[in-house]
Structures are given as structure tokens and as C-alpha cells.
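Asker: Here the protein sequences line up with chains A and B, keeping their order. Numbering-wise, the working numbering puts 7 at position 7 of the first sequence, and it's gapless, one number per residue. Numbering-wise, the working numbering puts 157 at position 54 of the second sequence, and it's gapless, one number per residue.
These aren't lab readings, by the way, just hints derived from the structure by calculation. Some clues are possibly wrong.
Said to hold, decoys possible - The calculated label-pair distances, taken between Cβ atoms and stated as ranges, are:
#1 Arg13(A) with Ala120(B): 50 to 56 Å
#2 His53(A) with Arg137(B): 16 to 22 Å
#3 Thr67(A) with Arg126(B): 20 to 26 Å
#4 Arg137(B) with Pro20(A): 31 to 37 Å
#5 Ser99(A) with Arg172(B): 24 to 30 Å
#6 Arg126(B) with Gly10(A): 42 to 48 Å
#7 Ala107(B) with Glu54(A): 38 to 44 Å
#8 Leu158(B) with Ser99(A): 26 to 32 Å
#9 Tyr65(A) with Ser202(B): 39 to 45 Å
#10 Ala4(A) with Gly206(B): 16 to 22 Å
These numbers come from a predicted model, not from an experiment. Glycine included, C-beta positions come from ideal geometry on N, C-alpha and C.
Protein chains: 2
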Amino acid sequence: MGKANRLSEGELRVALADLPDWRLADGKLRREYRFRDFVEAWGFMSQAALRVHELDHHPEWFNVYGTVRVDLVTHDAGGVSARDVALAGQLEAIAARLSAERG
Amino acid sequence: MGKANRLSEGELRVALADLPDWRLADGKLRREYRFRDFVEAWGFMSQAALRVHELDHHPEWFNVYGTVRVDLVTHDAGGVSARDVALAGQLEAIAARLSAERG
Numbered sequence: 001m002g003k004a005n006r007l008s009e010g011e012l013r014v015a016l017a018d019l020p021d022w023r024l025a026d027g028k029l030r031r032e033y034r035f036r037d038f039v040e041a042w043g044f045m046s047q048a049a050l051r052v053h054e055l056d057h058h059p060e061w062f063n064v065y066g067t068v069r070v071d072l073v074t075h076d077a078g079g080v081s082a083r084d085v086a087l088a089g090q091l092e093a094i095a096a097r098l099s100a101e102r103g
Numbered sequence: 104m105g106k107a108n109r110l111s112e113g114e115l116r117v118a119l120a121d122l123p124d125w126r127l128a129d130g131k132l133r134r135e136y137r138f139r140d141f142v143e144a145w146g147f148m149s150q151a152a153l154r155v156h157e158l159d160h161h162p163e164w165f166n167v168y169g170t171v172r173v174d175l176v177t178h179d180a181g182g183v184s185a186r187d188v189a190l191a192g193q194l195e196a197i198a199a200r201l202s203a204e205r206g
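So here's chain A without its partners, still in its complex pose:
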């Protein structure tokens, strides 16, 4: 239950400080990733999908070619919760690893 609580403004500020490429938009945590092409974008999404399934917390995400736009919100909590912040952190880790691999 505690994990699904909506974060306060202060808590959100702290969370966003650790997620510099994310911002709050329409009450959701948002980031747009840009990959070189569809194959790289899809590689990212595929790794992310496994994590999403594991966490049982689902993004609203959009893809076209090398672009992946992600919106995270916890509808049950009526806003952004720690679960969204956790998923954002996982996505950042996946993207950073892919970026390191391709050099």
C-alpha cells in the first residue's frame, strides 16, 4: 500500500533530482528516448518489457522509428508514486547499458 501512495511535491522534487532527463508532464513522469534506429529502440523496449512485467507496473509508451516516449503514472494513486520512480530508474539503467555497449 505504501508504495502506491502518490508522492508529495517535495518527494517528487527529490526523485526528479536523481532523474535529470525526466520531467513532470500532464501529471506523469515523462521522458523521450532517442535511439539511432528502430532496431535500437526495439532492443531497449524489449529489455524494458521484461522489467515491466517483473515489476507488474506498466508504462504508457509510444514508439516511432528510433523514438520511445514514456509516461509513468500510478492511476490507483492518482499521480506519480514510488513505483513510477522505480520503473524510471530501471529504464535509465537499461538505456545506459545499451548506450555503453554500442560505444
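On the provided structure of chain A, position chain B as indicated by the hints.
Answerer: Only chain B this time, still in chain A's reference frame:
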């Protein structure tokens, strides 16, 4: 070149007759698929991604949980082309096969 031409209204009408679950929205060919959950939606997207890569024609698509919304348009042609119709047909075939498999 011929394949990337924008379809005329008449050609579009003929194409849509074969794609009853698709409609024209914002100048794009649009369908929303509803699956039972994220795993089924992701299974569909994964099969579709291979086809997308093969055809080298990329959808604008959005997913949340069991919902997959697809928009098809050929920007080079300034509208819907035969390539969009072809991809829509492939997506229909994938969805139909998945639906048959799960009974």
C-alpha cells in the same frame, strides 16, 4: 516510387473495405487492438516488430497494458500509401493468428 504514392480517396475506400477495423484519423490509418494483458499485447508487438523491420516501414504505436494503438502513415508520400495498407494487413494477420492460438 509507385508504392510510396499517396492513395486517392477511391483507393483508400477500397483498402478500408478490406480492413473493417481500421479507420482514417488525422490523415493516418488507425486501429486500436485490445489484448487481455500486457503479455499478450507484447507478444503481438514483438511479432509485429519483426515484420516492421522486414518491411522497413515503421508504425507510430502506443501501448499501455493490453492496449496497442497503431497509426500508419507514409510521411514521404504526404498521406496513406500502399505501404501502410500492406503493413495493416500484416498486423491483422498476426493478431488473427494470436487470437486463434489462444482460442
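Asker: Does each hint hold? Answer for all of them.
Answerer: Status of each hint after checking the structure:
For the hinted restraint 50 to 56 Å between Arg13(A) and Ala120(B), the CB-CB distance of approximately 54 Å keeps it satisfied. Evaluation of the 16 to 22 Å hint for His53(A) and Arg137(B) yields a pass: the beta carbon distance comes to about 18 Å. With their beta carbons about 24 Å apart, Thr67(A) and Arg126(B) fall inside the hinted range of 20 to 26 Å. Restraint check, Arg137(B) to Pro20(A): a C-beta distance of roughly 36 Å satisfies the suggested window 31 to 37 Å.
The supplied range of 24 to 30 Å is met by Ser99(A) and Arg172(B), whose beta-carbon atoms lie about 28 Å from each other. Hint check: Arg126(B) to Gly10(A), Cβ distance near 45 Å, so the stated range 42 to 48 Å holds. Taking 38 to 44 Å as the suggested C-beta distance range, the pair Ala107(B) and Glu54(A) conforms, at roughly 41 Å. One distance hint, 26 to 32 Å for the beta-carbon pair Leu158(B) and Ser99(A), holds here, with the actual separation near 27 Å.
Checked against the hint of 39 to 45 Å, the C-beta distance between Tyr65(A) and Ser202(B) comes to roughly 28 Å, which is inconsistent with it. Between Ala4(A) and Gly206(B) the beta carbon distance is about 34 Å. The supplied range of 16 to 22 Å is therefore violated.
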